[in-house]
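Counting in our numbering, the sequence shown runs from 1 upward without gaps.
Derived from the structure by calculation, the hints contain no laboratory data. Just so you know, even glycine gets a beta-carbon here, dropped at the ideal spot from N, CA and C. It is possible that part of the hints are untrue.
[Unchecked claim] Label-pair ranges, simulated between beta-carbon atoms:
#, residue 1, residue 2, range
1, Pro53, Glu11, 34 to 40 Å
2, Pro59, Asp84, 42 to 48 Å
3, Ser72, Glu23, 46 to 52 Å
4, Ala85, Pro4, 47 to 53 Å
5, Thr42, Leu64, 33 to 39 Å
6, Ile73, Thr42, 49 to 55 Å
7, Lys61, Gly34, 37 to 43 Å
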Amino acid sequence: MAEPISRAEVEATARLARILLSEEEIAGFTSQLGSILAYMETLDELDTTDVEPLAHVLPLKNVLRPDEVRPSIGADLAVREAPDATNGFFRVPKVLGEGGGA
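Could you build all of it, start to finish, from the sequences and the hints given here?
This is the structure:
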């Protein structure tokens, strides 16, 4: 049986996901994630020797369509109609902190 998930692992995961958790949420998630991992161990014990491995439960067919050029509005009109644009580029609100991306 694997070790239960630790409080430090929950805190590290929250930091990576860039979410702030209260003390109560950290305790709750530690318990919930521990239960989920315990259940995964139960599933891991199942005999799947006669089960064909699959990537998806349902067969995927014709998932992609061919690229086709279709009429659309021009870039000038799109930028002109945008709520905020500068020098031909869309301006959007900042979504990441000082640390940047992932």
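Going through the hints against the structure:
Distance hint check for proline 53 and glutamate 11: the Cβ-Cβ separation is about 35 Å, which falls inside the suggested range of 34 to 40 Å. For proline 59 and aspartate 84, the Cβ-Cβ distance of about 44 Å falls inside the hinted range of 42 to 48 Å, so the restraint holds. At about 51 Å, the CB distance of serine 72 to glutamate 23 agrees with the hint of 46 to 52 Å. Our hint of 47 to 53 Å for alanine 85 and proline 4 holds, since their Cβ atoms are close to 51 Å apart.
About 37 Å separates the C-beta atoms of threonine 42 and leucine 64, a value consistent with the hinted range of 33 to 39 Å. Roughly 54 Å separates the CB atoms of isoleucine 73 and threonine 42, a value that falls within the hinted 49 to 55 Å. In this structure the supplied range 37 to 43 Å holds for lysine 61 paired with glycine 34, their Cβ-Cβ distance being about 39 Å.
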